[in-house]
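Taken in sequence, the protein lines are chains A and B. Take 1 as the starting number for the first sequence in this note's numbering and just add one per residue. Take 1 as the starting number for the second sequence in this note's numbering and just add one per residue.
Everything labelled a hint here was simulated from the structure, so no lab data went into it. Here a beta-carbon is modelled for each residue, glycine too, at the ideal position from N, C-alpha and C. Just so you know, nobody snuck in bad clues.
Okay, the calculated beta carbon distance ranges per label pair:
1. B:ASN175 <-> A:GLN204: 36 to 42 angstroms
2. A:SER74 <-> B:ASN95: 26 to 32 angstroms
3. A:SER74 <-> B:VAL98: 28 to 34 angstroms
4. B:PRO162 <-> A:PHE14: 21 to 27 angstroms
5. A:PHE14 <-> B:LYS100: 21 to 27 angstroms
6. B:ASN108 <-> A:GLY56: 26 to 32 angstroms
7. A:ASN112 <-> B:LYS159: 27 to 33 angstroms
8. B:LYS94 <-> A:THR244: 43 to 49 angstroms
9. A:PHE14 <-> B:LEU124: 46 to 52 angstroms
10. A:THR244 <-> B:ASN96: 44 to 50 angstroms
11. B:LYS159 <-> A:VAL75: 29 to 35 angstroms
DSS-like, lysine-lysine: derived pairs with alpha carbons at most 25 angstroms apart:
12. A:LYS96 <-> B:LYS181
13. A:LYS137 <-> B:LYS281
14. A:LYS58 <-> A:LYS18
15. A:LYS5 <-> A:LYS236
16. B:LYS281 <-> A:LYS96
17. A:LYS114 <-> B:LYS181
18. B:LYS176 <-> B:LYS94
19. A:LYS122 <-> A:LYS140
20. B:LYS176 <-> A:LYS96
21. A:LYS5 <-> A:LYS58
22. A:LYS90 <-> B:LYS176
23. A:LYS96 <-> A:LYS182
24. B:LYS181 <-> B:LYS94
25. B:LYS94 <-> B:LYS159
26. B:LYS276 <-> A:LYS140
27. B:LYS159 <-> B:LYS281
28. B:LYS159 <-> A:LYS96
29. B:LYS276 <-> A:LYS96
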Amino acid sequence: MIEAKNVNFYYHTFHALKDINMQIEDNSVTALIGPSGCGKSTFLRLFNRMNDEIDGAKLTGECLINNENIYHKSVQVDLLRKNVGMVFQKPNPFPKSILENVAYGLRVNGINNKQLIEEKVKESLTAAALWNEVKDKLHKSAFELSGGQQQRLCIARALAVSPSILLMDEPASALDPISTAKIEELIFELKQRYTIIIVTHNMQQAARVSDKTGFFMYGELVEHSETKKMFLAPDKTETQNYITGRFG
Amino acid sequence: MIISKKTKEQIAFAIFRILGIITLGVLIWILGFICFNGISVMSWDFIFSYPEEGMTSGGIFPAIVGTLYLVLGSIIIAFPLGVMSAIYTVEYAKNNWVTKLIRIMTNNLASIPSIVFGLFGMTLFVNTLAFGDSIIAGSLTLSLLILPVVIRTTEEALKAVPNTYRTGSMALGANKIQTIKRIILPTAFPNIITGLVLSIGRVSGETAPILFTVVAYFLPKLPSSIFDQVMALPYHLYVLATSGTDIEKSRPVAYGTALVLIIIVLLMNTVAGVIKNQFQKNKK
Numbered sequence: 001m002i003e004a005k006n007v008n009f010y011y012h013t014f015h016a017l018k019d020i021n022m023q024i025e026d027n028s029v030t031a032l033i034g035p036s037g038c039g040k041s042t043f044l045r046l047f048n049r050m051n052d053e054i055d056g057a058k059l060t061g062e063c064l065i066n067n068e069n070i071y072h073k074s075v076q077v078d079l080l081r082k083n084v085g086m087v088f089q090k091p092n093p094f095p096k097s098i099l100e101n102v103a104y105g106l107r108v109n110g111i112n113n114k115q116l117i118e119e120k121v122k123e124s125l126t127a128a129a130l131w132n133e134v135k136d137k138l139h140k141s142a143f144e145l146s147g148g149q150q151q152r153l154c155i156a157r158a159l160a161v162s163p164s165i166l167l168m169d170e171p172a173s174a175l176d177p178i179s180t181a182k183i184e185e186l187i188f189e190l191k192q193r194y195t196i197i198i199v200t201h202n203m204q205q206a207a208r209v210s211d212k213t214g215f216f217m218y219g220e221l222v223e224h225s226e227t228k229k230m231f232l233a234p235d236k237t238e239t240q241n242y243i244t245g246r247f248g
Numbered sequence: 001m002i003i004s005k006k007t008k009e010q011i012a013f014a015i016f017r018i019l020g021i022i023t024l025g026v027l028i029w030i031l032g033f034i035c036f037n038g039i040s041v042m043s044w045d046f047i048f049s050y051p052e053e054g055m056t057s058g059g060i061f062p063a064i065v066g067t068l069y070l071v072l073g074s075i076i077i078a079f080p081l082g083v084m085s086a087i088y089t090v091e092y093a094k095n096n097w098v099t100k101l102i103r104i105m106t107n108n109l110a111s112i113p114s115i116v117f118g119l120f121g122m123t124l125f126v127n128t129l130a131f132g133d134s135i136i137a138g139s140l141t142l143s144l145l146i147l148p149v150v151i152r153t154t155e156e157a158l159k160a161v162p163n164t165y166r167t168g169s170m171a172l173g174a175n176k177i178q179t180i181k182r183i184i185l186p187t188a189f190p191n192i193i194t195g196l197v198l199s200i201g202r203v204s205g206e207t208a209p210i211l212f213t214v215v216a217y218f219l220p221k222l223p224s225s226i227f228d229q230v231m232a233l234p235y236h237l238y239v240l241a242t243s244g245t246d247i248e249k250s251r252p253v254a255y256g257t258a259l260v261l262i263i264i265v266l267l268m269n270t271v272a273g274v275i276k277n278q279f280q281k282n283k284k
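The shape of chain A in the complex, shown without the other chains (with noise of 0.2 angstroms):
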């Protein structure tokens, strides 16, 4: 369970999010909607540490994976983000070969033996539905991929360091219809096995992929319910005014 008790955080003077307290469970969807500027990726983002490397950036509170604080003096970042997989707005596969993109992450790790990273870059490449796609060109480069089949790439080598949560900012904002429609397939089949966090501006695609959603706005949680009861009858003026496209 991943869990955000009374978190503010600062960048510099500016107060991004204020008293945020949310919880999320195992395996499920969560997506988190709001206008530009409202937090959600930077509440997202707190989960791998990512705003570890900003300037300026100041956290009180707690965030909990498990019950554990992952800001605890005594937590290893690079271990947790291993934990904790991300997948960013643009697909930004390495300068590298498809193969060594998806290895990456267990080469970092310390993983050198040949066949374990050949076995770990199939099983991830099949988890992110391109194995098929790429299969007879694993030397090629990243680059020769398609938008979607990069962001793809990009989920499998998030997927190869087995993390048990997955982390998605706006991960198909930069695609066609077609490649978001299989990303999105792909985000319900991986919920089998990971909870998921996304942080998306499509209300649709919220609406298609997620169990729960959380609105934000002007750096707080506006409201956190199931997805259904969000869309159709939220508690909310607000919420209902982002939601029909009134404001944001």
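Starting from the structure of chain A, add chain B where the hints point.
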């Protein structure tokens, strides 16, 4: 008279084209002039034998060897140092006033006249550290001269690596060193090579920094250690052109020396270019 937009464009491009051709023309003229005048003395003998008869005939072998040693020596010193400095300022250092100061100083260093480096090298390496006039003193001085070039080009090369590679790598549990070693440096490498090429050209051509730190007017033998003096092509050329025993008689040798110098620089640039292309081909 009204000139149409299209005519204006055509006039502008015509001017650009003429200026471009003039630049190219000057370059070809210089190269042609040196080739034309230097080709007469060119032979394997010229390259592989020692100067004779007060340097009015014979070859320039010691000067070629000396220049190669100096290029090699200064690159070995400046390249790792410069690349590591650039990695520090781009990848590690916070963007505060210290970093800015380092950057400003690096730029200033690049604009200091080379004779100043020569004097500095003489004071520090030749006298204070007591290396004497030697390959090591000359290489160190030259390396100071090219350090800012290496740092600047490496910095630009690193900055050109998309940030998404860094975040992507970190998100997979790689630490900074792993990210730099496995992703950033290989990606930036072809552009870093550009800095190397510029440095090689600079080092092979400089006279002032080696004047007081390493070169000899004439040496009858090759150096046997890094604490020996050497002859060098640019200085040899300078000597032949200004203070030889018989300037008129040694003029063809001078042109030959210039030609060899240009060929060496072009050869080294070509090798660097091949390495660069090879690397890019593997990546793409």
